[in-house]
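Residues 1 to 98 in our numbering are what the sequence shown spells out, letter by letter.
Calculated directly from the structure, the hints in this document are not laboratory data.
Among the hints, erroneous ones may be present.
What the hints assert, rightly or not - Below 25 Å or equal to it, Euclidean Cα-Cα: the simulated SDA-like pairs (lysine to any residue) are: (1) Lys84 x Asp70; (2) Lys41 x Ala19; (3) Lys41 x Arg78; (4) Lys84 x Glu96; (5) Lys84 x Met74; (6) Lys93 x Ala18; (7) Lys84 x Tyr59; (8) Lys93 x Asp54; (9) Lys84 x Ala51; (10) Lys41 x Ser87; (11) Lys84 x Phe11; (12) Lys41 x Asp15; (13) Lys84 x Asp54; (14) Lys84 x Ala52; (15) Lys93 x Ala20; (16) Lys93 x Arg75; (17) Lys93 x Ala19; (18) Lys93 x Asp15; (19) Lys41 x Thr95; (20) Lys41 x Leu55; (21) Lys84 x Ala69; (22) Lys41 x Asp70; (23) Lys93 x Lys41; (24) Lys84 x Pro45; (25) Lys41 x Leu60; (26) Lys84 x Ala50.
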Amino acid sequence: MDGRRRETAEFLTDDDIAAAVTQEPMEEEEGSDDETQCDKKDVVPHADGAAALDLALRYLEQQPDTTPADVLFMRRWRNYASSKRLSSLRQKKITELM
Numbered sequence: 001m002d003g004r005r006r007e008t009a010e011f012l013t014d015d016d017i018a019a020a021v022t023q024e025p026m027e028e029e030e031g032s033d034d035e036t037q038c039d040k041k042d043v044v045p046h047a048d049g050a051a052a053l054d055l056a057l058r059y060l061e062q063q064p065d066t067t068p069a070d071v072l073f074m075r076r077w078r079n080y081a082s083s084k085r086l087s088s089l090r091q092k093k094i095t096e097l098m
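Full structure from sequences and hints, please.
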């Protein structure tokens with residue numbers, strides 16, 4: 001070697017470490033704030049989705065021409081959204097991140 005010290009360590013922020021562990025793509029900090037705010041507006045939270053599907057299920061159950069298959073289909077979607085809502089509220093274990 002020529003006597004110069006070569007830097008091999010990289011400084012990572014908490015977000016960098018979390019993204020690396022969960023293998024999520026990192027967001028570019030150079031992007032405009034308007035783009036990120038627009039993306040956040042389009043996302044429907046699990047709780048809102050579950051509430052909307054519950055309302056739709058109650059509506060279907062009130063209709064005289066609704067078939068049992070229609071109710072079953074809507075009930076499955078409502079249960080799916082509810083389970084997603086509950087899993088998003090549960091704190092992840094450290095072993096789930098690895």
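To see whether the hints hold, each was checked on the structure:
1. Lys84 x Asp70: 22 Å, holds
2. Lys41 x Ala19: 22 Å, holds
3. Lys41 x Arg78: The hint holds at about 22 Å.
4. Lys84 x Glu96: 16 Å, holds
5. Lys84 x Met74: 15 Å, holds
6. Lys93 x Ala18: 13 Å, holds
7. Lys84 x Tyr59: With Cα atoms ~22 Å apart, Lys84 and Tyr59 stay inside 25 Å; holds.
8. Lys93 x Asp54: Roughly 30 Å separates the two Cα atoms, so the pair is violated.
9. Lys84 x Ala51: Distance ~12 Å between Lys84 and Ala51 Cα, so the pair holds.
10. Lys41 x Ser87: 22 Å, holds
11. Lys84 x Phe11: 34 Å, violated
12. Lys41 x Asp15: Distance of about 22 Å is within 25 Å: holds.
13. Lys84 x Asp54: 14 Å, holds
14. Lys84 x Ala52: It holds: about 14 Å lies between the C-alpha atoms, which stays within 25 Å.
15. Lys93 x Ala20: 16 Å, holds
16. Lys93 x Arg75: 30 Å, violated
17. Lys93 x Ala19: 16 Å, holds
18. Lys93 x Asp15: 17 Å, holds
19. Lys41 x Thr95: 31 Å, violated
20. Lys41 x Leu55: 22 Å, holds
21. Lys84 x Ala69: OK: Lys84 and Ala69 at ~23 Å, within 25 Å.
22. Lys41 x Asp70: Violated: Lys41 and Asp70 sit about 30 Å apart, past 25 Å.
23. Lys93 x Lys41: 29 Å, violated
24. Lys84 x Pro45: 10 Å, holds
25. Lys41 x Leu60: Cα-Cα ~28 Å, so violated.
26. Lys84 x Ala50: Holds: Lys84 and Ala50 sit about 9 Å apart, inside 25 Å.
Going down the numbered hints, you'll see the structure goes against 8, 11, 16, 19, 22, 23 and 25, while the others check out.
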